[in-house]
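Sequential numbering of the sequence shown, starting at 0, is according to numbering that gives the first Met the number 0.
Please keep in mind that the hints were generated in silico from the structure rather than gathered at the bench.
Okay, the calculated beta carbon distance ranges per label pair:
#, residue 1, residue 2, range
1, 36, 0, 51 to 59 Å
2, 30, 0, 37 to 45 Å
3, 28, 64, 23 to 31 Å
4, 63, 40, 31 to 39 Å
No farther apart than 27 Å at their CA atoms in a straight line, the calculated lysine-lysine pairs in the DSS-like style are these:
#, residue 1, residue 2
5, 42, 11
6, 59, 2
7, 20, 2
8, 51, 11
9, 4, 58
Ideal Cβ placement from N, Cα and C applies to all residues, glycine included.
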Amino acid sequence: MPKMKTKSGAKKRFKITGSGKVMHAQQGKRHGMIKRTNKQIRKLRGTRVLFKTDGENVKKYFLPNG
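With the hints as constraints, model all of the structure from the sequences given.
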C-alpha cells in the first residue's frame with residue numbers, strides 16, 4: 000500500500016491544536032474591505048475552532064497524519 004498523503008490545500012488552511020481541535024482562519028477578509036464596517040473587520044481577526052463534526056471530517060479525510 001502507498002503512504003497516505005495529506006491534502007496540500009488543507010495543510011495551508013487548518014491547524015490541529017494540542018487537544019485535537021481544528022482551527023481555521025475566518026472567511027470574508029480577502030477582498031472588499033471597503034464595503035465592510037470597521038466593526039466587521041475587527042470581529043474577523045484571528046482564528047476560530049471548527050465545529051466538532053466538521054473538525055472530525057477534516058482530520059479523517061484531509062489531515063490523516065495530523
